[in-house]
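Enquirer: Order-wise, the sequence lines are chains P and D. Numbering of the first sequence is given in my numbering, commencing with residue 1 and proceeding in unit increments. Numbering of the second sequence is given in my numbering, commencing with residue 357 and proceeding in unit increments.
No wet-lab data here; the hints were simulated from the structure. A portion of the hints provided could be inaccurate.
[To be verified] The calculated label-pair distances, taken between Cβ atoms and stated as ranges, are:
1. THR409(D) to SER240(P): 45 to 51 Å
2. VAL626(D) to THR58(P): 48 to 54 Å
3. GLU352(P) to TYR480(D): 55 to 61 Å
[Unchecked claim] Okay, the calculated bits of chain P under chain D, using three or more residues with CB under 8 Å as the criterion:
4. 65–74
5. 155–164
6. 184–195
7. 199–209
[As the list claims (entries may be wrong)] Which residues of chain P face chain D? A partial, calculated answer using Cβ under 10 Å:
8. THR38
9. SER88
10. SER215
Quick caveat: nothing in here was measured; it's all calculated off a predicted structure. From the three backbone atoms N, C-alpha and C, an ideal C-beta is built for every residue, glycine too.
Residues per chain, in single letters:
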Amino acid sequence: MKKLLIVTIGMALILMSCNSSNSGKKGSDITITAAGATFPMPFYNLAFKKYGETSGVTFNYGGIGSGGGIRSLADRVVDFGATDAYLSDREMADLPAEIVHIPTCLGAVVIAYNLPGVGELSLTPELLEKIFMGTISTWNDPAIAAVNGQAKLPDTKITVVYRSDGSGTTYIFSDYMSKISNAWQQQIGTGKSLNWPAGIGAKGNPGVAGTISQSAGTIGYIGSEYAFAQKINYALIQNSSGNFINPDVNSVSAAARMEIPADTRVMVTNSPDPEAYPISGFTWIILFKEQAYNNRSVNRIGESIKFLDWLLGEEGQSVAESVNYAPLPDEVSSVARQILNSITYDGKPVKETLPQ
Amino acid sequence: MISDRLTKALLFSASLLIVLVAAGIVLSLAGGAVPAFREFGWRFLFINAWDPTDGRELYGALPFIAGTLITSVIALIICIPLAFSTSLFIAEYFRGTRASGVLSSLVDLLAGIPSIVYGLWGFYVLRPLIVNLGLSEQGFGIFTSSLILAIMIIPYATSISSEIIAMVPSELKEAAYSLGATRYEVIFNVILPTSRSGIVAGFILAFGRAIGETMAVTMLIGNSNSVPSGLFDTGNTMASIIANQFGEASGLKLSALIAIGFILFVITGVVNGIGKYIIKRFS
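One chain only, chain D, in its complex shape (with noise of 0.2 Å):
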């Protein structure tokens, strides 16, 4: 009797913490954001300015919320074909063969990879191939980021998407087969619409990730602080605006900072809200 309640005790002491310490983030992530939005109001999420200089500060969010949701929203477009497909063939198409085996321990490989290695690689070798083929000056700005981006997102897609279609009831795909249907109309008629809704919640779960993504874009976006003009101009994301400037900050500079991770906090809370939303909605 002791033991369980004890037990009891330590659980809910142990999940109490990790609460506190969200609500702490989020506290404090709010009231170091005080300033700036007293400073600013609301205007603060629109304005498409970052200057720090003194006697006439000015920041906005917009650049840097412009960069995140362009450079996520077009890495999970290059994502999904990739990722799907893959998903596929480990899932559906080879699944427990040797090759499919291999190929979904390089997906999760790639998801091993730590940030800094994928942006040396993209300065280094996909920047340089960028310029090569005269796509722009420099081969710095918001294509090459969701290039980058994109990789590092498609092994959390391809591995959840690969999950739920492995999930499909055998029974359901046998049937269809035994009707005459081709492999071709199994996926799409059998497969993909019963998967569907986890296919989608991995995909939302993978763009979740690509916002917060901090390193490797910082390294490749070209760090100008205004709303790009194209896909080739160069930007910001709000993960790297904090990351580039939090040291000699202080004052309304540091304030606004602190906004800025509460906006992508809030950003990242509602997207994967909305991911489970879906799980949950459809399943």
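Next up, chain P with everything else stripped away, as it sits in the complex (with noise of 0.2 Å):
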């Protein structure tokens, strides 16, 4: 007994020399909540450990979803949220108040596949919308042949794997099919989850990557940042132009780099650029226009917008492409750059208040 309370002594002891030993390093002792998508976690993650490491700033990122994030914005318990589709004007007008829409990064979907003995894939729109709404039920289709010539394809049944769970992926790709194909904008729709006519359902990306990874002929949909960190195989999307594209970072990347209005709201899925990758879409963080709200200190107001400046800057978007999630492009963080001046602090600018 009395060896145990020594122990717990001592490691209570140890825990708070490790403590005081980080406070220790810089002085601000500010922690910055933010809660919201899971899909830009792992940027946001390693983002707030470089940023911290100079700043000396904590943050505390929830995982709770894209709804969560909404939700805990509203609430104003959070410093910012985090979300994988913008909100809708209807949800804009249900908020406390006006909020802003920074986008912080790009992120795609692609279609992975198991097929034995074939190693690349390309896909038309039309190929996706007959495949994924059941109107092609085998993999040697000729539909799918007179696209693919050298592939050997196998007779087997195609089995769609899509997310069980209400997801931003399921958001993204459901936007793209909408927009290339009219059935599939009636009889499904875009949504975080839909109503699918046939498939199998899989709980999250490493559910859908598995299920793909350990039955052959099936097809599914998974978040770039994950597939891009796994051995898995994926296609070649054709996209507006008619060229087949490869998803990786820098195809994700053109796809925003068509006209985006002044406040980011927009899926860039099927981007009119050559060298665009179809399936993309941004990431959002959402704040607060005016950000003088439940006594917030000046300070940690301060730190949230000099954090989101960095994010936007060649630093942040550096640790984004660190992690398999593609920069904006230019054009882009210059948008973005423009609304985070505009949030404002008793209604003056944050910049022009705020101690620098």
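Two chains, each in its own frame: build the complex with the hints.
Expert: What follows is the structure in structure tokens.
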């Protein structure tokens, strides 16, 4: 009993000393809290760590899903929220005050498949529609063979694997499908979870990836940040200019080289850019335009704005690339900066009022 | 005197707290389910659809009630012969021997394995086996989930049944043996009739567990939100749809999920109630 007590006290002392050495590094003891999408979480976590090392600011991010991020911001329990789908006008009107969307990086949805012996697969929008809606049912269908001349396609049945949980990945995928296919738009539509006509549902990107890698004949969609980090086969997709595009950091970035509205609330799927991978999308950080609320300290507000500024800059964007997210093209990051500069504290731009 | 009253007050408030928590859960489930029932009425129980698309939202509990009951009933059917034989082995044939001791600890060990581990094993071992046997294309679906559920509930049914069988008075059995009965006759004419209600109650409680099982089923059932058309079709269960979709749900969809939770609660309550009633009535 005595021994246990000594060990416990010893451990407590060690923990305390760790703590004090941390806070002694730099003056600031500000903690910024945020919550939302799980999709950009690896990027944000690494960015928080890198930024925290130099500034001393600590971050607390809850990966509770885009919906949860929006709810937390509305309840004003976080400094900023994160979402994979921008808020509709109706959702914006439901919030207690005006918010702004700041895109932080791009991600994509890749079409992963498991066909032993087929190392490369090209798919056109028509094929995607037919495969995912179940009108083509075997892999050696002449329509698939016509696009993939070299591949030895087996006569296996096609099994579609989809996300059984609500997800921003599903949202980007279904938004693209609705743009390229009328039948899809009318029968299935766009959303974070869908009414699937056929196939197998699996939970989360790991669930879909695991199901596809374990069973031959399957095809499904997976978040690119997850797929790039895994050994998984994914298809080249024909974009709106007719080019077959391999999803990578450059082709996903290219998707945002299009006209972006001033508030950045846009889906960049099926981008007109000839080099763009067509199933790509932004992920956003959302925060209130007027930051003076809930008696939050001026320092804290200043630090969160400074962090977002850093995130949009060269350093922050290179962090994104290192964990397989596509950085924002220059035009988009300048739009994002303008939005950031429009954020106010007590009616005046934050940049002017706050200590830098 | 004071210590006596103090103890009484403490015990009373502790049990009152549990009653309050239970009532709070029921009330919040019922309250959260109101919008879904207001929108769809009692038809909610019989709608075979789960369409979350904006503008034409339509939710029904039928696919999940069907999926839950079908997988649990099949699991029970698979479980009965296995659990019954095992409990006879432990409590009658090899009673008190080393073999029965080892077996009963193994059965208890099965009960201690977390659901997710059963799911992993089902996904990487059981499912490929079903594919290799040619029973289904990808191995996901009602049958695979029922198999894994059966394995999961066998320990519950077995341990209750073997305890009940061990409780059959030895005078009865000895009397039968002295009249020249064989072991087979003793089992079916003495042990079974005496312990029948307890064994049935054990199976009903095991069935109750199968109904609420979540993770392992989610990993194997295929998660398609419609009433399954056959043994090897994919489906979904009440617990699994909630686990899958509560994260990004809001509004009517969230209410529909809570309503499904409420129905699951009621079904589990009824099943447990029947089990307890049988124990009380026939013992």
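Enquirer: A separate judgement is required for each hint: does it hold in the structure or not?
Expert: Verification of the hints:
{"no.": "1", "hint": "THR409(D) to SER240(P): 45 to 51 Å", "in the structure": "violated, 25 Å"}
{"no.": "2", "hint": "VAL626(D) to THR58(P): 48 to 54 Å", "in the structure": "holds, 50 Å"}
{"no.": "3", "hint": "GLU352(P) to TYR480(D): 55 to 61 Å", "in the structure": "holds, 59 Å"}
{"no.": "4", "hint": "65–74", "in the structure": "holds (count 5)"}
{"no.": "5", "hint": "155–164", "in the structure": "holds (count 3)"}
{"no.": "6", "hint": "184–195", "in the structure": "holds (count 8)"}
{"no.": "7", "hint": "199–209", "in the structure": "holds (count 6)"}
{"no.": "8", "hint": "THR38", "in the structure": "holds, 9 Å"}
{"no.": "9", "hint": "SER88", "in the structure": "holds, 9 Å"}
{"no.": "10", "hint": "SER215", "in the structure": "holds, 5 Å"}
Violated hint for the displayed structure: number 1, the only one.
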